Amino acid sequence: MNGTAASVLRILVFYVLVVALLFVGIVMLARAREYARRRGRVWVALVYLVGALYVVAAGIFVVRPGLAIVPAVVALAGSVALGLGLGGFKRFGLLEPELALLFVLPAVVGIFLFYYYQIAQTVIYSFHDLDHTTKWTADTFIGLQNYVTVFSSKNFLSALSWTLIFTVVAVFLELWIGLGMAMATFWVARNTSGILRSLIIIPWAIPPIISAAIWKWFYNADVGFGRLLVQWGLLDTVPLFLVDPLLARFAVILADVWKMSAMIAILMIGGLAVIPQEIYDAAKVDGARGLYRFRRLTLPLLAPTIAVAVLFRAMDAIRTFDLIYGLTKGGPGITTETLSSFAYKYYFSRAQFGLGSAYGVVVFVLVLALGVLYVSRIRRNLRFKGA
Amino acid sequence: MSKHVTFRLVLVSLMIVLPLLASCAAPPPAPAEPQVVEKVVTQIVEKQVEVEKPVVQTVQVEVEKEVEKVVTVEVPVEKETVTIAYNGYFEKTFGPAAPPIDAIKEEVAKKYPNIEVQLNIMPYEAGPWRDNYLAWFQAEDGTTDLIGMGLYWLPEFAKTGWLMPLNDKIDPAILAKLNPAYLDAFTADGELLALGPWWGGIGGLYYRKDILEAAGIEPPETYAELVDAAKKVMADNPEMTGWTWGALKDQVLVNRWVEYLNGFGGAYFDDAGKCAMNDAKGLAALNFMKSLFDEGITPKEALTWKEEESQVRFASGTALFHTGRQDMMFWLNDPKQSKIVDMWGFIPMPAEQAGEGAGFFEGWGFSINKFSDNPEAAAKVLEVMFDFPVQKAFNLSQGPVQAHMDVYSDPDVIKNNPNIPLIQKVADTAIPPIPSPKFADITSILSEELHSHLTGLKPAQQALDDACEQIDALGE
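Protein sequence lines correspond, in order, to chains A and B.
The numbering used here puts the first residue of the first sequence at 1, with every later residue one more than the last.
The numbering used here puts the first residue of the second sequence at 1, with every later residue one more than the last.
One or more of the hints may lead you astray.
Straight line, CA to CA, 25 Å or less: simulated BS3-like cross-link-like pairs of lysine-lysine [claimed, not checked]:
no.: 1; chain 1: B; residue 1: K169; chain 2: B; residue 2: K380
no.: 2; chain 1: A; residue 1: K216; chain 2: B; residue 2: K290
no.: 3; chain 1: A; residue 1: K154; chain 2: B; residue 2: K415
no.: 4; chain 1: A; residue 1: K154; chain 2: B; residue 2: K458
no.: 5; chain 1: A; residue 1: K216; chain 2: B; residue 2: K209
no.: 6; chain 1: B; residue 1: K370; chain 2: A; residue 2: K135
no.: 7; chain 1: B; residue 1: K306; chain 2: A; residue 2: K216
no.: 8; chain 1: B; residue 1: K231; chain 2: B; residue 2: K159
no.: 9; chain 1: A; residue 1: K135; chain 2: B; residue 2: K159
no.: 10; chain 1: B; residue 1: K79; chain 2: B; residue 2: K209
no.: 11; chain 1: B; residue 1: K79; chain 2: B; residue 2: K169
no.: 12; chain 1: B; residue 1: K392; chain 2: B; residue 2: K415
On the chain A side, residues computed to face chain B include the following (Cβ under 7 Å) [unchecked claim]:
no.: 13; residue: V243
no.: 14; residue: K329
no.: 15; residue: G331
no.: 16; residue: F348
By construction, these hints were calculated from the structure, which means they are not laboratory data.
Treat the numbers as computed from the prediction; the structure is a model and nothing was measured.
For glycine and all other residues, C-beta sits at the position ideal for the given N, C-alpha and C.
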């Protein structure tokens with residue numbers, strides 16, 4: 001077994017062990033809580049105390065992973081002791097909620113380790129002056145200084161405004177183009193709709209950095225679309241799409257719309273598919289014409305899907321990085337720099353991990369706000385569907 | 001709590017803790033087991049046998065000796081892997097020799113059969129390439145042992161202490177054969193941090209020899225001469241581009257800026273260490289760059305070009321001048337890729353004053369990762385890479401520049417590089433990258449601000465002032 005395979009195996013064993021131990025601990029603590037209620041408040045308090053130790057261990061893990069083992073072991077031992085001590089071996093089988101926990105826990109641990117841990121680390125870094133190092137100490141702590149730098153930067157305000165403009169314009173165009181494409185798949189004959197749907201997916205399936213390369217050639221002054229326009233006699237000179245600031249912004253939006261309209265279309269196809277055909281048939285009998293049916297039936301019935309799709313895309317658009325980086329590198333000047341490319345620039349290119357993290361946190365907060373909105377829409381959506 | 005419960009508690013706790021402890025301990029490597037082999041040794045002896053005739057005859061008889069026990073201990077040869085980080089050029093060849101990685105593997109296999117060399121392919125672009133290093137070093141990852149080191153990264157990585165000093169790691173006999181000027185360039189605070197270059201690029205001016213000769217124009221030594229020549233040729237041939245060079249908002253733009261700044265006699269920093277690129281000479285340099293676009297000498301689309309796009313325009317025969325590295329010669333003389341075979345010349349960059357032109361030098365060497373899992377084996381491979389056979393192979397596959405001084409007197413190298421005299425003239429004008437541990441930051445700032453001016457977003461003085469303000473704010 002080579003070194004890489006051994007490392008992967010070791011990580012897997014560690015992962016399985018953590019999940020298994022955590023599962024045992026949580027189950028035992030839950031059972032202990034059940035038994036403790038019958039024994040009195042002191043026992044209940046003890047159960048909560050042990051439960052709090054898990055939270056403490058998670059908190060310490062974020063700050064100093066090595067130190068977390070002590071509260072984790074104490075919490076685990078406490079859970080087992082309380083569970084067995086209060087209830088003994090009364091029950092060996094798993095109840096339905098415990099079984100559900102067994103299935104969910106591996107994913108939860110994974111999400112904690114691979115998402116929340118990094119988010120927490122990034123937040124911690126953002127309060128420190130970290131240049132070419134991520135080893136933060138009390139000496140590197142600078143409070144909110146990085147955030148002051150971020151919000152006082154002229155370039156940041158330019159990037160923020162462009163990010164918002166890009167998000168609004170791109171998502172607006174993608175919504176209508178995507179909706180049109182989705183509706184088209186219902187208008188064509190059934191045997192061709194599959195082909196059409198496959199064609200729609202292609203731009204979305206192409207990786208962003210490859211899309212950027214494709215569009216870069218499309219905008220190329222020697223062999224691109226601009227040259228064709230000149231050859232056709234529509235223009236006198238080749239438009240420099242990626243040099244002129246206004247054209248560059250337009251070019252970036254167009255590339256994004258080409259790629260991401262497909263995603264909206266996929267979501268809309270799902271939304272359109274669940275609208276009962278009988279409603280349209282009834283409307284036709286009542287004499288409603290196509291545009292009227294679209295305004296009065298399709299749009300209202302599709303509204304929950306539209307809201308979710310728009311929010312989902314907006315969250316994505318605010319984080320846009322790879323397509324723009326590949327196409328313009330944020331140029332001309334900083335015209336097409338987005339917040340994410342700022343975070344990347346400071347984090348990687350300049351290795352200023354503290355400042356880069358502050359930019360990352362700002363993007364995170366923006367996306368989080370949209371995310372909260374998104375989740376609330378999903379809830380309403382579910383209620384609307386009667387789920 | 002009853003004894004019964006306590007016992008169960010201890011039992012369950014042990015069940016949980018023991019596997020945990022067991023999994024944490026890495027299994028020790030199994031020692032080599034001595035093997036006992038019973039072996040029958042057959043010995044052939046010569047014996048003199050007397051026969052009836054008074055003749056002495058020698059016959060061979062087999063005598064079986066007693067069975068003896070031979071104890072053999074098999075000591076496995078420990079295989080070591082040395083991983084080299086470099087971009088895809090390491091797998092390519094542009095000449096009669098094997099690609100660099102194959103040349104290295106071949107020589108290492110001869111000298112150190114127990115060392116296996118493998119390549120970790122990096123991006124072609126320097127930025128993302130360096131980003132990989134940052135991630136590895138932050139994680140103190142020792143998987144990659146030898147890392148391709150751009151000369152312009154050296155001050156930064158020297159400051160962070162991520163490179164292993166080589167002073168005592170490399171055989172002095174090999175160091176003695178390497179050009180001391182290059183060794184100095186890869187040395188910081190007395191510590192030799194990389195051997196290089198294995199290959200180096202020097203910026204110079206390519207020109208269309210046939211067109212200039214037909215127009216009766218001498219190759220330019222000053223900017224004014226170049227602009228006049230370009231205008232004259234372009235007036236007769238409007239389809240012709242005057243001067244191509246990459247001006248994308250990227251490192252390529254900063255490489256060219258360094259040449260223009262030096263061409264106008266400017267400096268990066270003043271005596272106090274403050275940014276001096278916004279002084280009158282810097283301003284003149286930037287204004288000149290902008291004027292090339294405004295007057296149509298350089299096409300505005302060059303603002304989206306890296307070196308490759310710029311080279312394509314020149315190789316297609318539609319440009320009069322081109323700023324590029326010496327390695328482009330391979331390309332220009334390849335009829336499959338060039339329409340101007342033997343129709344070009346290569347001279348030092350022009351300048352404001354004749355003879356003061358400078359070409360950006362980007363040398364690429366190799367360092368040992370401070371966190372390397374195999375530093376000793378890595379040093380051995382590094383020695384092989386900078387010994388004559390591999391250095392020669394590098395030259396024959398990629399062209400100059402190499403650190404080993406014997407390479408240039410080798411008959412095969414001379415035969416394969418008929419343009420060495422041209423390169424030598426350009427090499428004499430080479431200038432090193434901006435010497436700062438903040439090189440990456442400075443490059444990022446300059447590319448933004450210069451591009452802002454060249455695309456008409458900022459006046460020249462403001463762009464340079466903004467750049468210097470940010471550069472000074474970086475500190476040391």
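For each hint, the structure was consulted:
1. K169/B <-> K380/B: holds, 9 Å
2. K216/A <-> K290/B: holds, 23 Å
3. K154/A <-> K415/B: Violated - the C-alpha atoms of K415/B and K154/A are around 57 Å apart, more than 25 Å.
4. K154/A <-> K458/B: OK: K154/A and K458/B at ~14 Å, within 25 Å.
5. K216/A <-> K209/B: violated, 32 Å
6. K370/B <-> K135/A: Measuring from Cα to Cα gives roughly 17 Å; hence the hint holds.
7. K306/B <-> K216/A: Holds: K306/B and K216/A sit about 12 Å apart, inside 25 Å.
8. K231/B <-> K159/B: Violated. K231/B to K159/B sits at ~47 Å, over the 25 Å cutoff.
9. K135/A <-> K159/B: holds, 16 Å
10. K79/B <-> K209/B: violated, 55 Å
11. K79/B <-> K169/B: With Cα atoms ~21 Å apart, K79/B and K169/B stay inside 25 Å; holds.
12. K392/B <-> K415/B: holds, 12 Å
13. V243: holds, 5 Å
14. K329: With a minimum Cβ separation of about 5 Å from chain B (threshold 7 Å), the hint on K329/A holds.
15. G331: Check passed: Cβ of G331/A comes within 4 Å of chain B, closer than 7 Å.
16. F348: Given a least distance of 4 Å, the restraint on F348/A holds.
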